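Peer 1: One-letter residues, chain by chain:
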Amino acid sequence: MKTDMPLSKPIRRFLTHTEETLDTEISLLRQPEADPGGTLVDKYTYDIDTNVIIFPAQYVGLLKDFVIAKHCTHLMMKGAAAEKAKFLVCSYNEESIYRGMRQIYIDALKDEAKKEKKLPVQKLIQMLFILFTHFNDDLNELPWNAIINASVYHRMPKIRKTQLYHVMKESKNDMDEMMEQESIVPRRYFVLNKAMFYARDMFLAKTLPADELIPVINIPQMKKFNHLEVKEMLTTRWTNTAWYQSKVFGDNMLSLIERPLGPVKWNDPPTLDYYYDLYKVGVLLTDNLISYMTMRDWFVWEEPKQLLKAKEEEKEFEKSALRKIFGDLITDTLEEKE
Amino acid sequence: MPVKEVIELLRKAKAYAKRTKYKEALAHIERALTLDPRYQESWFLRGSIYADTGRYREALADCEKAISIDQNYADAWTKKSVVLYNLERYDEALLASTRASSLNGNDVTAWYMKGVCLDELGKSDEAQIAYGKSLELEIILDMKNEQDRARRQ
Numbered sequence: 001m002k003t004d005m006p007l008s009k010p011i012r013r014f015l016t017h018t019e020e021t022l023d024t025e026i027s028l029l030r031q032p033e034a035d036p037g038g039t040l041v042d043k044y045t046y047d048i049d050t051n052v053i054i055f056p057a058q059y060v061g062l063l064k065d066f067v068i069a070k071h072c073t074h075l076m077m078k079g080a081a082a083e084k085a086k087f088l089v090c091s092y093n094e095e096s097i098y099r100g101m102r103q104i105y106i107d108a109l110k111d112e113a114k115k116e117k118k119l120p121v122q123k124l125i126q127m128l129f130i131l132f133t134h135f136n137d138d139l140n141e142l143p144w145n146a147i148i149n150a151s152v153y154h155r156m157p158k159i160r161k162t163q164l165y166h167v168m169k170e171s172k173n174d175m176d177e178m179m180e181q182e183s184i185v186p187r188r189y190f191v192l193n194k195a196m197f198y199a200r201d202m203f204l205a206k207t208l209p210a211d212e213l214i215p216v217i218n219i220p221q222m223k224k225f226n227h228l229e230v231k232e233m234l235t236t237r238w239t240n241t242a243w244y245q246s247k248v249f250g251d252n253m254l255s256l257i258e259r260p261l262g263p264v265k266w267n268d269p270p271t272l273d274y275y276y277d278l279y280k281v282g283v284l285l286t287d288n289l290i291s292y293m294t295m296r297d298w299f300v301w302e303e304p305k306q307l308l309k310a311k312e313e314e315k316e317f318e319k320s321a322l323r324k325i326f327g328d329l330i331t332d333t334l335e336e337k338e
Numbered sequence: 339m340p341v342k343e344v345i346e347l348l349r350k351a352k353a354y355a356k357r358t359k360y361k362e363a364l365a366h367i368e369r370a371l372t373l374d375p376r377y378q379e380s381w382f383l384r385g386s387i388y389a390d391t392g393r394y395r396e397a398l399a400d401c402e403k404a405i406s407i408d409q410n411y412a413d414a415w416t417k418k419s420v421v422l423y424n425l426e427r428y429d430e431a432l433l434a435s436t437r438a439s440s441l442n443g444n445d446v447t448a449w450y451m452k453g454v455c456l457d458e459l460g461k462s463d464e465a466q467i468a469y470g471k472s473l474e475l476e477i478i479l480d481m482k483n484e485q486d487r488a489r490r491q
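The listed protein sequences correspond, in order, to chains A and B.
With the numbering used here, the residue at position 249 of the first sequence is 249, and numbering never jumps.
With the numbering used here, the residue at position 96 of the second sequence is 434, and numbering never jumps.
Derived by calculation from the structure, the hints in this document are not laboratory data.
Computed from a predicted model, the values in this text were never measured in an experiment.
We put the beta carbon where it would ideally sit given N, CA and C, even for glycine.
Each statement offered as a hint is correct.
Within a straight-line C-alpha distance of at most 25 Å, the following computed DMTMM-like cross-link-like pairs (lysine to aspartate or glutamate) qualify: (1) Lys86(A) <-> Asp297(A); (2) Lys356(B) <-> Asp35(A); (3) Lys158(A) <-> Glu430(B); (4) Lys482(B) <-> Glu170(A); (5) Lys169(A) <-> Asp480(B); (6) Lys352(B) <-> Glu33(A); (7) Lys305(A) <-> Asp137(A); (8) Lys482(B) <-> Glu177(A); (9) Lys356(B) <-> Asp4(A); (10) Lys482(B) <-> Asp176(A); (11) Lys359(B) <-> Asp4(A); (12) Lys482(B) <-> Glu180(A); (13) Lys350(B) <-> Glu33(A); (14) Lys482(B) <-> Asp174(A); (15) Lys172(A) <-> Asp251(A); (16) Lys9(A) <-> Glu426(B); (17) Lys361(B) <-> Asp4(A); (18) Lys482(B) <-> Asp35(A); (19) Lys9(A) <-> Glu430(B); (20) Lys280(A) <-> Glu25(A); (21) Lys352(B) <-> Asp35(A); (22) Lys324(A) <-> Glu312(A).
One side only, chain A facing chain B, incomplete, derived with CB under 8 Å: (23) Asp4; (24) Pro6; (25) Ser8; (26) Lys9; (27) Gly61; (28) Leu63; (29) Lys161.
Calculated Cβ distances over 10 Å to all of chain B for the following chain A residues: (30) Leu15; (31) Tyr46; (32) Ile48; (33) Thr50; (34) Leu88; (35) Tyr105; (36) Asp111; (37) Val121; (38) Glu258; (39) Leu272; (40) Leu284.
Go ahead and model the full structure; you've got the sequences and the hints to work with.
Peer 2: Now the structure itself:
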């Protein structure tokens, strides 16, 4: 472990255990502009020799510890998959992008037909690819987020209060996401996206049931949550939002999440096999969500390097998909963009 | 009161240290110490750089020097506790963090260090109290940072 920074005991143990189990090295890096949730740069995803967990420089205490625990759990799943079989991610290719963008376009047209204020064509065209990749990003994040949080909750009781704060904060940020694009994004996708996060939140609310906010309750900004359990907090928040309609879809997604995660024995010995099983649960969960949202032909399971390559070539893929969808009509628009 | 030049040298040293240009940072601090060896911040800053570069014994000596000039220098006590922790001298690290947290009750690191040290010494229940305090302060700071970030965006 390449770090001299003080760490609480369970985190230090977990880091050491991860390094030993995966026979790898983990470096910890503070960065002033790091993402609040931290970032994992790992050798199973990128062509590097070591793994780095990056977290905001202002996190000096338990917030830092939680970020490390979270990414370390993710690293264990990735590493176990790579060791036991193959680590794959939800990816896309030229063909699948076309299928996804085409479907979004068809749904957008249905929405547009009902709108008084039509979306400018240029914006509509731009939205197709952005929305497609948005779902890919979320599908690569959200199922793992649910698993990681459940795992950390069961394995590290000492940092539960910290986790609670993180979950509340993350939930708020995810809830706010896409709000500015509400009038642009086809309703179906807006609702599905929110429903995914609703389901994740409700799953976590059920998983983290017992802890009340004490001693966090001393923080003035959190007083409004006084005496509420996590479930009540998250439910209160969701039921007070404009897109409560996401609830119907969200409840269905919640059962999709609960089905594979229900039987998981969170306190079993943290072996390579155990984390490989967790990885398989994550894949199944992702597949379930993809099927429910009828996006099966949008995405493919591939090695991470394929996804990185696809991201490099995504502008070309987007253009190719637009040409297929719009034919010659699009040529002028693409040339204008160039 | 340190001379203006010392303040300026330390300002530059901090900027270098922030960019991990420790050699340049240390050169500036050495000059500051030559100008005014009684200015505690110069010792503290040098001790911090030593700590960041793994030179714990030298870091400890500098923290102690800073504290000998100003017994109530909370940041130096906190840094001392971090250095002692890295030297695995948990009992002493606990004393330093306790002193730091009593001098500055709003120092997240001081409370966190107190928790970490108590945990190492097997005093889990007491550790939880210190961790709790540290978490409260850290959350307040984080919320403030989030608000600032939102305002900037």
